[in-house]
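Mind docking chain B on chain C? Use the hints.
Listed in order, the protein sequences are those of chains C and B. Just so we're aligned: the first sequence equals residues 1 to 334 in full-length UniProt numbering. Just so we're aligned: the second sequence equals residues 1 to 197 in full-length UniProt numbering.
Quick caveat, the hints were computed from the structure, so don't treat them as lab data. Positions of the beta carbon are idealized from the N, C-alpha and C atoms, including for glycine. Certain hints may be false.
Unchecked claim - Computed from the model, here is a short list of chain C residues facing chain B with C-beta under 7 Å:
1. 253
2. 329
3. 334
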Amino acid sequence: MATTTTITEPVPIFKLAHRYLLYDVDVVTYLRREHNIAGVFIGTLPQASQQNVFLGLPLELMPEEARLLVEKGAAHIVDDVAEHKQNFLAKGLGTEERKAYQAALRKQGLGAAKEASKKSDEKKKNALKKMATENWNDIPDDMFDSAPRRGRRAPQAKQEVPATSSDVSDEETLFASSANSFPASSIISRTASNASTPGLEPYGVTPTTSYPPLQALTIDDGKKDELPVVPKSYPVYRHLHDKGYFLAPGLRFGCQYMAYPGDPLRFHSHFLCNGMDWDQEFDLLDLVGGGRLGTGVKKGFLVGGEQPSNSKINESKEGEKPEVRTFCVEWGGM
Amino acid sequence: MGVPDSSKTAAPPASALQKCLDAHPLPTDSPHSSDFHNLALQIAHNLRYQHQWSGVRLHTVEPSDKSRPLPRPMLSGVPPNRLYVHPDEQIELLQIQKDEGKTGMPDLEPHREWVLPSHLREKWTLRRFGEAFDAIERSPADTEGELLFDSQQPEGGEGNSKWRENLPKRLLLGTLDDDSTVVYYIVHDGIVKPRQN
Chain C
1 MATTTTITEP VPIFKLAHRY LLYDVDVVTY LRREHNIAGV FIGTLPQASQ
51 QNVFLGLPLE LMPEEARLLV EKGAAHIVDD VAEHKQNFLA KGLGTEERKA
101 YQAALRKQGL GAAKEASKKS DEKKKNALKK MATENWNDIP DDMFDSAPRR
151 GRRAPQAKQE VPATSSDVSD EETLFASSAN SFPASSIISR TASNASTPGL
201 EPYGVTPTTS YPPLQALTID DGKKDELPVV PKSYPVYRHL HDKGYFLAPG
251 LRFGCQYMAY PGDPLRFHSH FLCNGMDWDQ EFDLLDLVGG GRLGTGVKKG
301 FLVGGEQPSN SKINESKEGE KPEVRTFCVE WGGM
Chain B
1 MGVPDSSKTA APPASALQKC LDAHPLPTDS PHSSDFHNLA LQIAHNLRYQ
51 HQWSGVRLHT VEPSDKSRPL PRPMLSGVPP NRLYVHPDEQ IELLQIQKDE
101 GKTGMPDLEP HREWVLPSHL REKWTLRRFG EAFDAIERSP ADTEGELLFD
151 SQQPEGGEGN SKWRENLPKR LLLGTLDDDS TVVYYIVHDG IVKPRQN
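With the rest of the complex left out, here is chain C (with noise of 0.2 Å):
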């Protein structure tokens, strides 16, 4: 079944806390399918934060899997600070566009104030109820309908609200929780300052996407997109990815990346990929330690870097990037 949302290149990447983001899944597939790109997933659940093992959206991609999108034309980078700043702050939204949403905004958090208050009083109504089947005579039977008494208390509160907060806030936890997300004095302050106004005060909502509003459009203005700094090892990863492999971060062995010859979900990994400059120095040892760590993992320590073309032919029958060349350490068995 071909999938119903069709993916336009070049596909937004959220640049925010020097973090390069995916939140649409659709994009994400699509970068996996089409580019070999998986990234990490970094999303956890509200509910339980300390759950890690199934992360979920977004998406987090490597310095080098952007820039490598980028460079491809397949993606560009919008930085979502200035992009919010320039939008939300420097009216870069139209007055009526600004307005719609604001609309949009209040009447959901309207919604959302009635839904808790109607389940606030039902689940009242029927704790009371409860105690009153258990002959529990001596309750007042004004206490089973509670309109009325919010209106009674509002304008009490509003006098008591320096001098006694404490029996106020303890009361209003027992009884009146229209909104029991909000400590109490909050609720206490806002029902005072909109005492005149009838029926409930919208909750403030916290919009958790701004797309839309605002939409992250390419502008085609001929100027170059910034591409994203990349450590070093770029050239390595490049060509690896060139040649049809998948790398995700290898900090779990100790390497730069880890490449596997298809998609992670189906693949083990062939290589613990470090890369570096072609005169860079390194230790013996870590090549030791590496083709070592590699085998018993039943992995090859594949070191890479870009070599620059020395002869003269080269240089111009390609006139673009130096060849990138890499050794592949195992250990030798003996």
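For chain B alone, coordinates are given in the frame of chain C:
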């Protein structure tokens, strides 16, 4: 008893390794320094007497162009068993065995391998690996270089398979430490998928 008279006692006999070093002094016209020469000899000694290699040879010039010296003296030799089997070759061999109703790996003729001597205290760069690989050919010839030890058994290792011809160059990196431990690692000049030991 008492304090030994230093004038009368002779020096202790030279060790086996020292005899080997003495027997192969650095030629006066050598382009290489004596420490690289002795390093190669020590690793050759280790290969011959610890790992039972045969036909260990010392190479000082490029096989393709005898006028150019190697970046450092290198060795070649024949291990007692095949040192390296590519995973795809292994699959092919096992398939043949299965078709013939046998199990396990067949006995394989060993191949002559390049050995690159190095010391753990050296700093290495990718450039030096590149130069070492550029200087050698895919498989070392068993007629070039200087034979260091008397060959005990007939040198095996010819009849290179298509696997040797089609894979990138490889060499064995022998790394010596101060306590005379030598570790050996296979290095390939390119991307070669790992063995599934």
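Here is how each hint holds up against the structure:
no.: 1; hint: 253; result: violated, 13 Å
no.: 2; hint: 329; result: holds, 5 Å
no.: 3; hint: 334; result: holds, 5 Å
Checked against the numbered hints above, the structure breaks only hint 1 and satisfies the rest.
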